[in-house]
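Participant: Chains as they are written, first to last, in my numbering: chain A, 1 to 273; chain B, 1001 to 1221; chain C, 2001 to 2222.
If you're looking for bench data, these hints aren't it; they were derived computationally from the structure.
None of these values were measured; they are calculated from a predicted model.
Treat each hint with caution, since some may be false.
Here are the simulated lysine-lysine pairs, DSS-like style, with alpha carbons at most 27 Å apart [as the list claims (entries may be wrong)]:
hint, chain 1, residue 1, chain 2, residue 2
1, A, Lys140, A, Lys185
2, A, Lys185, C, Lys2117
3, A, Lys139, C, Lys2218
4, A, Lys24, A, Lys107
5, A, Lys139, A, Lys158
6, A, Lys24, A, Lys12
7, C, Lys2218, A, Lys140
8, A, Lys210, A, Lys107
9, A, Lys107, C, Lys2117
10, A, Lys158, A, Lys140
11, A, Lys158, C, Lys2117
12, A, Lys258, A, Lys24
13, A, Lys12, A, Lys107
14, A, Lys158, A, Lys210
15, A, Lys185, A, Lys24
16, A, Lys140, A, Lys210
17, A, Lys107, A, Lys140
18, A, Lys158, C, Lys2218
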Amino acid sequence: MNAQYLSGFPLKLEGDPVPMVSFKKVTKSYGSLVVLDSLDLDIAEGEMVTIIGPSGSGKTTVLRMLMTLETINGGVIYVDGEPLTHMPSGNELVPANNRHLRRMRSKIGMCFQHFNLFPHMTALENCMEGPVHVLGLSKKEARERAEELLAMVGMADKRDQHPSRLSGGQQQRVAIARAMAMRPKVMLFDEVTSALDPEVIGEVTNVIRKLVAEHHLTMLMVTHQMGFAKDISDRVCFFYGGRIEEQGTPEELFGNPKRERTQQFLSAVKEAI
Amino acid sequence: MSYFEFLGQYGDRILSGTLVTVVLTVLAALLAIVIALAAGMMRMAPNPLVRGVATVYIEIFRGTSLLVQLYWIFFVLPLFGITFEKFTAGFVAVGMNLGAYGAELVRGAILSVPRGQWEAALALNMSPAKRMWRVILPQAVLIMLPPWGNLLIELLKGTALVALIAVADLMFQVKQINGTTFLSAESFGTALIIYYILARFMLTPFMRWVERIMQRKLGRA
Amino acid sequence: MFDWRWDFTWEILPRLLAATGNTLLAAGLGYAIAVVLGLAFALAQRTPYRSVTVVVREAIEFIRSTPLVLQIFFVFYVGPQFGIRLSPWTAGMIAIGLHYAAYLSEVYRGGLESVPKGQWEAATSLNLSTARTYFRVIIPQALPPSLAGMGNYLVGIFKDTPMLSVIGVAELMHTANAIGSETYRFLEPYTLVGVIFLLISLPTAAGIRLFETWVRRKLGMV
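Chain A with its partners taken away, still in its complex shape (with noise of 0.2 Å):
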């Protein structure tokens, strides 16, 4: 990635009020194929916006993107204003070292579709991970914390169980608690319910409404279940090939899409139903 290539972008974003997470022109390609291309997408603080579309479309990209999971080939990425995926060196902005990544992954969470609990831990073990040896926490008030956040999930009483004997449902759960233990400005929903078998479905989907009822927390998901999502969104995008090709608020985009792939995407995931 060249430095000229990014001058068109500046070194922090300003303005009032500054959006919480910001693509500029970001583009992810493997090779010769394109799985996003050019994307600018804006999320103001405390929003909720899902993302949703074909598989292929992107859409996983998005988060694992903003997590670091992946590298991007053109464009920058925002975060609170500062760069996530950059940083300013003199007048431009370079590449991230570690350091800078680090820091700037302090301010996002993420859930995976498959959990990805440390098995070897318990859920309050889990839970209590990050907050001791990546934020320095005392035990003490990590446990606290952590105790907190799994009687806030409803997994309480399975604090000191190992993954292995949770169900799905229960995993994906303690999981929601143990990326809010570290307290990040941006929360990332990635499938958090495709693993799950259909009757547990409902108690992670309760434990992310509850979060944005309570939490002020900005909150970027992508799912398939449309009726979670039409729901609980302040917005919701849909992509395709590698593009956003509508978005608009729930009540836009699913009673009255207006391109027609979201159209027919939306008849084709109805009649699934």
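Use these hints to put chains B and C onto chain A, whose structure you have.
Facilitator: Leaving out everything else, chains B and C in the frame of chain A:
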């Protein structure tokens, strides 16, 4: 003495030693394969006596050192009236040792052939022997070929020990050369390289080739 | 046919048992070297520097493809040619430690690769440092699948210690050879050596299997 002079002077001996190593490896490998198949299948026999014999053989040969087995076969067996010439003692020891390890591979591979295959063969009213030879073993061979590749490299390396009972293999020759010239880096270094070439550029490609043939035969290529 | 002499057996047994101590010491020291060096080899293959990865990879292949007994001779005799004199013990420990480090690095590599990618991603999402990720998240999960291999090579190194006799390390085989050449009796010493090896390696192998189950349970991964 330059390395080329060294090779000029001792090349013949190193070459003849290499040849002995190759022949030993081939003979020991054949013996190991036969023993492994026999002992591996005996391990699964319904008769407890047959099973016991195989188990004792496998545990003894896997539980002690190849060097101990080699010395025992060469120095102790003659006391029981069984005398091997040293070359024979060498490949028998190596073959029996690696055969014990191979037996476990055979057993594991046979057990990992899906149960449905046994049942299908039974449903066709095949005899137990037919079931094994026509249906199970061909599939088991494909499963066990990759680990056998590693085992044969162990076997090639194991043959180096026969130098200690004075079989004139590669190891023996370079040890002799080192004894008279004290050119340890040249003599032992050359042998290391030759063993490496045999293992990496002959044995491994050969096993890959066998794997491909077997895959084609079983229609999985 | 059975020309076994019990009086001779009792006479040589203390000497052989004393040598067993050396055998166990050699196996233990060699294994300690191999465990640590093997981890270094495995981690070196995960660095982003391609040249390091390739060199380490090829070195491991080379060590694994060549006979240990030859490596022992090489380490012991090549030093003096260049003015470095190593004691039999030092040379033996270097050779056997290096040899098994190559094998163990493959065990570790398999273990590390068996940890799902999602675990790395979860560690990143919690912002754990690389060191913390390895020691607290990845290695504890890589360990249980590595234990069987590590145990096999512990028994393996023990069974390979007789090769150290060729450069004069006074372990079991060396002592049995000495007894044989002093008394011209081979039946008892070589048979006893075999029995001693069996009596140690079989229970050890069984113990390792129990330990493996225990660790899995301890880590809550049954």
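Participant: Now look at each hint and say whether the structure bears it out.
Facilitator: Against the structure, the hints come out as follows:
1. A/Lys140 to A/Lys185: The given pair, whose Cα atoms are some 23 Å apart, holds under the 27 Å limit.
2. A/Lys185 to C/Lys2117: holds, 25 Å
3. A/Lys139 to C/Lys2218: Given that 27 Å is the threshold and the Cα spacing comes to 22 Å, the pair holds.
4. A/Lys24 to A/Lys107: holds, 19 Å
5. A/Lys139 to A/Lys158: holds, 19 Å
6. A/Lys24 to A/Lys12: With Cα atoms ~12 Å apart, A/Lys24 and A/Lys12 stay inside 27 Å; holds.
7. C/Lys2218 to A/Lys140: holds, 24 Å
8. A/Lys210 to A/Lys107: This hinted pair holds, its Cα atoms lying about 20 Å apart.
9. A/Lys107 to C/Lys2117: Satisfied, since the Cα-Cα distance of roughly 22 Å is no more than 27 Å.
10. A/Lys158 to A/Lys140: holds, 19 Å
11. A/Lys158 to C/Lys2117: holds, 26 Å
12. A/Lys258 to A/Lys24: This hinted pair holds, its Cα atoms lying about 25 Å apart.
13. A/Lys12 to A/Lys107: Between A/Lys12 and A/Lys107 the Cα gap is close to 16 Å, so the pair holds against 27 Å.
14. A/Lys158 to A/Lys210: It holds: about 20 Å lies between the C-alpha atoms, which stays within 27 Å.
15. A/Lys185 to A/Lys24: holds, 20 Å
16. A/Lys140 to A/Lys210: holds, 26 Å
17. A/Lys107 to A/Lys140: holds, 23 Å
18. A/Lys158 to C/Lys2218: The hint holds at about 18 Å.
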